[in-house]
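Asker: Spelled out, the chains give:
There are 2 protein chains.
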Amino acid sequence: MARTKEVIHKINLAIVVTTFSTFDKLELDLIDELKKSTDVIVVFNKNDIDVIDKEKENTIKQKGISFISLSCTTGNNIEELRKLLVQTGSKIHVENSTIIGDLIKQGDVVMLVVPIDLGAPKGRLILPQVQVIRDILDNDAVAVTVKERELVHAMAELKKPPALVICDSQVILKVSGDVPDSIPLTTFSILFSRLKGDFKEFVNGTRHIDKLKDGDRVLIMEACTHHAQSDDIGRVKIPRWIRQYTGKNLEFDTVAGPYMDKDLLKYNLIISCGACMINRKEMLSRIDSSRTVSIPITNYGMAISFTQGVFERVVKPFKEL
Amino acid sequence: MARTKEVIHKINLAIVVTTFSTFDKLELDLIDELKKSTDVIVVFNKNDIDVIDKEKENTIKQKGISFISLSCTTGNNIEELRKLLVQTGSKIHVENSTIIGDLIKQGDVVMLVVPIDLGAPKGRLILPQVQVIRDILDNDAVAVTVKERELVHAMAELKKPPALVICDSQVILKVSGDVPDSIPLTTFSILFSRLKGDFKEFVNGTRHIDKLKDGDRVLIMEACTHHAQSDDIGRVKIPRWIRQYTGKNLEFDTVAGPYMDKDLLKYNLIISCGACMINRKEMLSRIDSSRTVSIPITNYGMAISFTQGVFERVVKPFKEL
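As you go down the protein sequences, you meet chains Y and F in turn.
Under the numbering used here, the first residue of the first sequence is numbered 349, with each subsequent residue one higher.
Under the numbering used here, the first residue of the second sequence is numbered 349, with each subsequent residue one higher.
Any given hint could turn out to be false.
Identical copies look the same in the list; a pair holds intra-copy or inter-copy alike.
What the hints assert, rightly or not - Taking lysine to aspartate or glutamate and the DMTMM-like style, the derived pairs with C-alpha atoms no more than 20 Å apart in a straight line are:
no. : residue 1 : residue 2
1   : Lys-508   : Asp-456
2   : Lys-507   : Asp-456
3   : Lys-358   : Asp-380
4   : Lys-614   : Asp-564
5   : Lys-667   : Glu-403
6   : Lys-522   : Asp-488
7   : Lys-522   : Asp-601
8   : Lys-470   : Asp-486
9   : Lys-453   : Glu-496
10  : Lys-470   : Asp-450
11  : Lys-409   : Asp-488
12  : Lys-453   : Asp-396
13  : Lys-614   : Asp-580
Treat the hints as calculated values from the structure; they're not laboratory data.
With the rest of the complex left out, here is chain Y (with noise of 0.2 Å):
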């Protein structure tokens, strides 16, 4: 019960499977708990052996809450829970359904500058610019990719400049330089906050750097607990990007995987990863967290274009502002 207890701010979807005869108020209050935040089902399991219970049923009933009779052993009812759940997951909304189509029209060129570093990884990309390249095609546009050595050959190949330009965080700076101030420019790191996140909260977060003092600390929070490389981005360069932006004496914890709320009261300012291993509750439940104990949050995009001075420029295509 604890470990359920522990899953519940990231689920989007909860099965209790229970029996008609061990259902009682254990699962009445799990059931309960589990409401005010996601979406349930309760599976009444056995039903070769058990019999259905139908008090217990209206209980259920009472609350809005799908339920279904089946056995695992006689395979009876499981077509029907694999309908419920398909019927119940499409309703369910977990991800903002459009990445970039409130920013582009029909027939819009959309330049992608992808640096292909030592991190990419081999023969592919990364996730966060295949699913950039679908939603361009999904709103019927036009999506050119190139790396940043390419850039400004590539706009040179259009009729007309592209109608935005996304670039990966850790070339902002060189592509702001060849991107003419009219054309609108944004990472991907910001883009995929307003899809993982809280932009606005994020854009304040951001703000923020300006005010740290000597003696502040800052935590680096990672969602995954992944290898880190000799000049891991969240260990490495952005400590020092920060550091030689503000000027200031600064300390950087790092935090990878999970946290409690109290360990965050000591910092400062929270700078999150782009969280491409958790979902959207989960990183909204870690804004809560950084809201609860007033502490200003912002993330890795954000916090790169920032001490790289071009921050203003990269927010300003967002309507949110």
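With chain Y's structure known, arrange chain F on it following the hints.
Answerer: For chain F alone, kept in the frame of chain Y given last:
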């Protein structure tokens, strides 16, 4: 041991885990068989409770095989095994190193036409499309990705015609109409039949479609047992297109997953899927099977282009012919 022998034709590296005390003729014979077609590493486990046998070490050494003595219990030498794996693995030539590197040059604009139909994965692109975009970037060129509906518009946005257009086989008829004959055009399937398979063998096999006679049998060979859709490409569309094109009364069978060489004998043509789930080595072994029994072999992409009357155009960009 039977299951080990079953996979020899598709693996690129064999790790034989044994101990000094148990290593005997069985292991030696296996190593000799593995050596014929793959790299081999021998791991002597349990070095915390087993003693090193210099004689057995020498036998392995004389065969030119790498080996290591370690303990999974204490963790001794595990890191060394990792290094040995990386070192051996980096020398294995698994797939051709470039997809279109020989077809384009630095700065070229390559147009990719990607239909977004019901079969497309939600919010993504399929892997071959991503791999081609990456290969374009690796060759210092520019990748323009569009749906088939925006293709004409996208070409009009360019100052010069693209150096190459690559489209999904299923839209080749529309795309070949939209792209002037002066612009080289091919399909993703045909590109990948160079990477995963024997291009010339497939081209020859494709032309055999013209020689099919009434009563001939065609084998549709799928690499995996995927969940077939109602308008399944292998089971429904390709048989229909080939019947329409040839006007012959043909019989089609489908085999999904492993098969026996002798089962191929009754067929006049084999049409293989794109093999996205198997590696080059396994695909080449399938082509060898068809060669052994002297049956022409082609793949989905080439067969589709052939039945749509655009085959000679889509193989023209390749110097192999």
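Asker: Could you run down the list of hints and mark each one as holding or not?
Answerer: A quick look at each hint next to the structure:
Taking the closest pair of Cα atoms, Lys-508 and Asp-456 come within 20 Å of each other both inside a single copy (10 Å) and across two copies (18 Å). For the identical chains of this complex, Lys-507 and Asp-456 are neighbours both inside a copy (12 Å) and across copies (16 Å), given an alpha-carbon limit of 20 Å. Taking the shortest Cα distances, Lys-358 and Asp-380 sit within 20 Å of each other inside one copy (17 Å), while across copies they are farther apart (52 Å). Taking the closest pair of Cα atoms, Lys-614 and Asp-564 come within 20 Å of each other only inside a single copy of the chain (9 Å); across copies the shortest separation is 78 Å, beyond that limit.
Within a single copy, Lys-667 and Glu-403 get their C-alpha atoms no closer than 52 Å, and across copies no closer than 75 Å, so neither meets the 20 Å cut-off. Proximity of Lys-522 to Asp-488 under the C-alpha cut-off of 20 Å is restricted to the inter-copy arrangement: shortest distance 17 Å between copies versus 29 Å within a copy. For a Cα distance limit of 20 Å, the shortest separation of Lys-522 from Asp-601 qualifies neither inside one copy, at 29 Å, nor across copies, at 57 Å. Within a single copy, Lys-470 and Asp-486 get their C-alpha atoms only as close as 26 Å, which misses the 20 Å cut-off; across copies the closest is 10 Å, which meets it.
Taking CA atoms no more than 20 Å apart as the test, Lys-453 paired with Glu-496 passes between copies only; the shortest distance there is 17 Å, against 24 Å inside one copy. In the homo-oligomer, the alpha carbons of Lys-470 and Asp-450 lie at most 20 Å apart only across protomers (19 Å), although the nearest pairing inside one protomer, at 32 Å, exceeds that limit. For the identical chains of this complex, Lys-409 and Asp-488 are neighbours neither inside a copy (44 Å) nor across copies (61 Å), given an alpha-carbon limit of 20 Å. In this homomeric assembly, Lys-453 and Asp-396 never come within 20 Å of each other (Cα to Cα): the closest approach is 56 Å inside a single copy and 66 Å across copies.
Neither within a single protomer nor between protomers do Lys-614 and Asp-580 lie at most 20 Å apart by alpha-carbon distance, with minima of 24 Å and 59 Å respectively.
Going down the numbered hints, you'll see the structure goes against 5, 7, 11, 12 and 13, while the others check out.
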